[in-house]
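Same order as they appear, the protein sequences are chains B and G. First residue of the first sequence? That's 1 in this note's numbering, and the numbers climb one at a time after it. First residue of the second sequence? That's 1 in this note's numbering, and the numbers climb one at a time after it.
Derived from the structure by calculation, the hints contain no laboratory data. Computed from a predicted structure; not experimentally measured. Backbone N, C-alpha and C define an ideal beta-carbon position, used for all residues, glycine too. Take the hints with a grain of salt, since some may be wrong.
As the list claims (entries may be wrong) - Taking lysine-lysine pairs in the BS3-like style, the calculated list, with each CA pair at most 27 Å apart, reads:
1. G:129 with G:174
2. G:254 with B:191
3. G:174 with G:10
4. G:129 with B:191
5. B:191 with G:10
6. G:255 with G:241
Said to hold, decoys possible - Here are some, though not all, of the chain G residues that point toward chain B, as calculated from beta-carbon distances under 7 Å:
7. 158
8. 188
9. 189
10. 194
11. 197
12. 198
13. 202
14. 217
15. 219
16. 221
17. 222
18. 259
19. 262
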Amino acid sequence: MALLDVTDLEIAVAAGGKLLPVVRGVSFAIEENETLGIVGESGCGKSLTSLAIMGLLEGSQVRITGGSIQFDGRELTTLSAEDRRAIMGDQMAMIFQEPMTSLNPVYRIGDQIVETLRQHRDMTKGQARDRAIELLDLVRIPEPTRRVDSFPHQMSGGQRQRVMIAMALACDPKLLIADEPTTALDVTVQKEVLDLMADLQTRTGTAIVLISHDLGVIAETCDKVAVMYRGKIAEAATTRELFSNMSHPYTRGLLNSIPVVDHDVEWLEAIPGRVPTIDEVLPGCAFHPRCPLAEDRCNAEDPAPRDVANGHAVRCHFAGGAA
Amino acid sequence: MTKTPILQVKDLHTHFQTGGGLFAEKTWLKAVNGISFDIHEGEVLSLVGESGCGKSTVGRTLTHLEPSTSGKALFNGTDILPMTGAEFRPLRRDIQMIFQDPFASLNPRLTIEQTLAEPLFIHGLAASKTDARAQIAETMELVGMDPKVMARYPHEFSGGQRQRIGIARVMILKPKLVIADEAVSALDVSIQAQVLNLIKKLQRDSGVSMLFISHDLGVVRHISDRVAVMFQGQIVETGDKQQIFEAPAHEYTKKLLSSIPRITERVA
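The shape of chain B in the complex, shown without the other chains (with noise of 0.2 Å):
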């Protein structure tokens, strides 16, 4: 049994007395030491699946309406408040876009770790310190003695971001969930800040699930990928077959609209029109609009998830030769 099994997740946000399905029939799974990468655009749920893992929609205007979310053996979906306060911070943990508003300003950041070491682990302050100071170490933190007693706001954004790394990583979790981790950051600390991740998961055999809208990310970091449109999963596949045998138009389109350092192309192959708003009733394939491919059949009939090799499977019609 895979460390997280999420089948046939559905995410709906309320909204004027409706509910507005956003993240529909996703189903992935991650083993310890792996990393998965979700890409897709904004809106696509990609970070509601996150945060549906994490417990994190609770009390807010989306809920999860169905499927289930199975951890280390464990039904999530399920769980009460006070189990769940046992395992997030403990065994699972999340890191976000933003290091600034994640971390709280008013306190040094030793103390933010060692609140999180002293609510799981039965520690001393001065054992907790200690710990802190040797996490601040492993995400590359230079002078961690000194740097514990800073405050937030006297870091850069990389070093904030590894603080949030070392706070995540402070009880050895055994998932890891990283919402765009390196997107506000440069791209010279974001090479920093992925080496690192990486070289940690190596010590540490931390599961990753990586979220990122940008597929050149995904391709240096993840062993597997799922590629969401629309709340659904279009494409998913290891790395290596996805960039090799890329078979959903709408993956295509996307590596095709980035514009590359490498060589030189006179215009993009732009998807055209937009993502449809999540009160649009769209039948059938929720590409087809944009899709180049589509059909009278596209319009009607949404396509279930086929194989075109072993483990990649595709929402597409048209995957793997004739319709």
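Guided by the hints, dock chain G onto chain B, whose structure is given.
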């Protein structure tokens, strides 16, 4: 051919006071610390660099949104930096700016028609409302929007469409120099590609000169003729696009290029 460049920036400095006061010694942040570059007619020059390198301050200084500390910026041979607000005002038609955030740069209380009519009347480019409406319709089609939606408000549009409106507001004045500051950075990849293609096409068709400010090297390669790489307030390297991307000379340029995550196996 040695035509005079449309814009010549010479040893530009923009410093901000960060400390000191009446008695304490003043301290300065040298956001732009002595940069020089030329933009020729019909050329796209990109300023690329990481956050805090001063690239946006260059654009803001050239459009009088920040006062310069020293240096010259010759626009068609005339130094625009020492001009007063009143002297610079007529030039605002010729030097236009596209901003990053299409949500913040449109007035939410004006319809698209009002948003696009305003600059026409300010600069006396429309004889009548009918004339203005004709120009607005023409420009909306130019940026790939249906003129029928001109009575709508910004909140009714997606981010990509708002950026098209922002571009329309600039192009309707037929400027000579456009300064685009992270013009496609807030957009999703598939929409970014559409807007980037649009900017490239409008630039080619109109022959407008452009200073394209961006942190994204892929975007810069796609749009530019020449590239200037900025680091800590200075330009470390300027060159033709080919030279910067194929044979970078400066260590910092090399580091930037090698930091970009790459998709090695591309589809045909």
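These are the hints, each one checked on the structure:
{"no.": "1", "hint": "G:129 with G:174", "in the structure": "holds (19 Å)"}
{"no.": "2", "hint": "G:254 with B:191", "in the structure": "holds (14 Å)"}
{"no.": "3", "hint": "G:174 with G:10", "in the structure": "holds (26 Å)"}
{"no.": "4", "hint": "G:129 with B:191", "in the structure": "violated (54 Å)"}
{"no.": "5", "hint": "B:191 with G:10", "in the structure": "violated (34 Å)"}
{"no.": "6", "hint": "G:255 with G:241", "in the structure": "holds (17 Å)"}
{"no.": "7", "hint": "158", "in the structure": "holds (5 Å)"}
{"no.": "8", "hint": "188", "in the structure": "holds (4 Å)"}
{"no.": "9", "hint": "189", "in the structure": "holds (5 Å)"}
{"no.": "10", "hint": "194", "in the structure": "holds (4 Å)"}
{"no.": "11", "hint": "197", "in the structure": "holds (6 Å)"}
{"no.": "12", "hint": "198", "in the structure": "violated (9 Å)"}
{"no.": "13", "hint": "202", "in the structure": "violated (13 Å)"}
{"no.": "14", "hint": "217", "in the structure": "holds (5 Å)"}
{"no.": "15", "hint": "219", "in the structure": "holds (5 Å)"}
{"no.": "16", "hint": "221", "in the structure": "holds (5 Å)"}
{"no.": "17", "hint": "222", "in the structure": "holds (4 Å)"}
{"no.": "18", "hint": "259", "in the structure": "holds (4 Å)"}
{"no.": "19", "hint": "262", "in the structure": "holds (6 Å)"}
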